[in-house]
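Number of protein chains: 2
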Amino acid sequence: MPQGKVTEVPDDGLTTRERRALPLLVVHTGDGKGKSTAAFGMALRAWTAGWPIGVFQFTKSPKWKSGEEAALKSLGSVHESTGQGGAVTWHKMGEGWSWLRTQPEDHAKAAVAGWEQVKADLDAERYRLMILDEFTYPVSNGTLDVTEILATLAARPGTQHVVITGRRAHPDLIAAADLVTEMTKIRHPMDAGRKGQVGIEW
Amino acid sequence: MPQGKVTEVPDDGLTTRERRALPLLVVHTGDGKGKSTAAFGMALRAWTAGWPIGVFQFTKSPKWKSGEEAALKSLGSVHESTGQGGAVTWHKMGEGWSWLRTQPEDHAKAAVAGWEQVKADLDAERYRLMILDEFTYPVSNGTLDVTEILATLAARPGTQHVVITGRRAHPDLIAAADLVTEMTKIRHPMDAGRKGQVGIEW
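Line by line, the protein sequences are chains D and F.
Counted the way our numbering counts, the first sequence spans residues 60 to 261.
Counted the way our numbering counts, the second sequence spans residues 60 to 261.
Excised from the complex, chain D in its bound form (with noise of 0.2 Å):
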């Protein structure tokens, strides 16, 4: 919900409703549950909304499947089917991504060719919203190049939203966005000694 009061107005020569409409680069960081998830959240609005979504995930685990792709691809056959809320397209590392042939034993490689194709995707405008989902990490470990990474981002054309997902985020990264939230776990159930349980954790 929108909630607080402007404090003070910015003299940037902007309306509020230009203000307002400005695109926005999001962070989800900490070590809490609910990053991926808020950001997955995120996409209902944005679906909503009508605006075409472009999901890159930058996972680490090939055979992750999780009820969000499905749950999303299922709202995207939606549109597909009667035009209503937004496009969505789904990319994932773990697959050696959708447009490399082979599965790329290289993370590394991975991450690189990961972020060619969003660069490519930004200068297009091919989407509304585009979730890096657990983008921090190539980024902090120093695989992709932070300072590359926030001019692109700074120049990208028209109105993109960007929603980073992931631990450690570069302080840098987090000095440029507009709206960072930290998860912070006060409580797992893996304290207790639960594992994780479908429906709940994927």
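Please note that the accuracy of each hint is not assured.
The list makes no distinction among identical chains, and a pair is therefore deemed to hold if it is satisfied within one copy or across any two copies.
Pairs of lysine to any residue residues, derived as SDA-like cross-links and limited to a Cα-Cα distance of at most 20 Å, are as follows [unchecked claim]:
{"no.": "1", "residue 1": "Lys168", "residue 2": "Glu193"}
{"no.": "2", "residue 1": "Lys132", "residue 2": "Lys168"}
{"no.": "3", "residue 1": "Lys254", "residue 2": "Asp237"}
{"no.": "4", "residue 1": "Lys254", "residue 2": "Pro82"}
{"no.": "5", "residue 1": "Lys244", "residue 2": "Lys254"}
{"no.": "6", "residue 1": "Lys168", "residue 2": "Ala179"}
{"no.": "7", "residue 1": "Lys244", "residue 2": "Pro82"}
{"no.": "8", "residue 1": "Lys254", "residue 2": "Arg187"}
{"no.": "9", "residue 1": "Lys178", "residue 2": "Thr218"}
{"no.": "10", "residue 1": "Lys244", "residue 2": "Asp231"}
{"no.": "11", "residue 1": "Lys254", "residue 2": "Ala108"}
{"no.": "12", "residue 1": "Lys244", "residue 2": "Arg227"}
{"no.": "13", "residue 1": "Lys168", "residue 2": "Lys178"}
{"no.": "14", "residue 1": "Lys178", "residue 2": "Ala251"}
{"no.": "15", "residue 1": "Lys178", "residue 2": "Ala213"}
{"no.": "16", "residue 1": "Lys132", "residue 2": "Ala108"}
{"no.": "17", "residue 1": "Lys244", "residue 2": "Leu84"}
{"no.": "18", "residue 1": "Lys244", "residue 2": "Gly255"}
The set of hints was computed from the structure by calculation and includes no laboratory data.
Keep in mind the model is a prediction, meaning the values are calculated, not measured.
We have chain D already, so just place chain F on it with the hints.
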């Protein structure tokens, strides 16, 4: 993604399989964004698992329409027409709840009526995932009795996962929950004088 390892196996007489299937009480609290959004993201997983989902929005704004509502209801329609995924039921206090004929003027009475319905549905095991959105407020302000709520939740039959969202969660609720995440605001566009926008905030 399911990460981490169980560090301690409790002496509860349960197998790992039994323990991991225990129903969860989840709390998303804190001042940051993503509490409700992550809860609705969890609904995507539950939907894919084929679980009946009940959403109870203890909202303060009667006319509030969220993008999550339209999208999750669309998934409910997919379930009705194809059998895919789970059923989605949506109740909203702002609309006087679905089962009240008149618009309640009194928020406290509406919260009590909502909780009565939640209790009845828990008793009937109507859902596998229940989201009590912004439920922390009537608990923290004393409209509802936290002791009765926790007793009811502790005695709920079957495998009913309950997710409670909102700021300022009652300490007893936090103590009773299996999984608690605090969403902390690091930066928000409101800080830069930018108001919320469709597709992002609702």
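Verification of the supplied hints:
no. : hint               : verdict
1   : Lys168 with Glu193 : within (16 Å within a copy, 43 Å between copies)
2   : Lys132 with Lys168 : neither (27 Å within a copy, 40 Å between copies)
3   : Lys254 with Asp237 : between (35 Å within a copy, 12 Å between copies)
4   : Lys254 with Pro82  : between (38 Å within a copy, 12 Å between copies)
5   : Lys244 with Lys254 : within (16 Å within a copy, 29 Å between copies)
6   : Lys168 with Ala179 : within (17 Å within a copy, 54 Å between copies)
7   : Lys244 with Pro82  : between (29 Å within a copy, 19 Å between copies)
8   : Lys254 with Arg187 : between (36 Å within a copy, 18 Å between copies)
9   : Lys178 with Thr218 : within (15 Å within a copy, 44 Å between copies)
10  : Lys244 with Asp231 : between (23 Å within a copy, 17 Å between copies)
11  : Lys254 with Ala108 : between (36 Å within a copy, 17 Å between copies)
12  : Lys244 with Arg227 : both (14 Å within a copy, 16 Å between copies)
13  : Lys168 with Lys178 : within (15 Å within a copy, 52 Å between copies)
14  : Lys178 with Ala251 : neither (43 Å within a copy, 26 Å between copies)
15  : Lys178 with Ala213 : within (12 Å within a copy, 50 Å between copies)
16  : Lys132 with Ala108 : both (16 Å within a copy, 14 Å between copies)
17  : Lys244 with Leu84  : between (23 Å within a copy, 15 Å between copies)
18  : Lys244 with Gly255 : within (15 Å within a copy, 27 Å between copies)
Taken one by one, the earlier hints fail for this structure at numbers 2 and 14, listed in ascending order.
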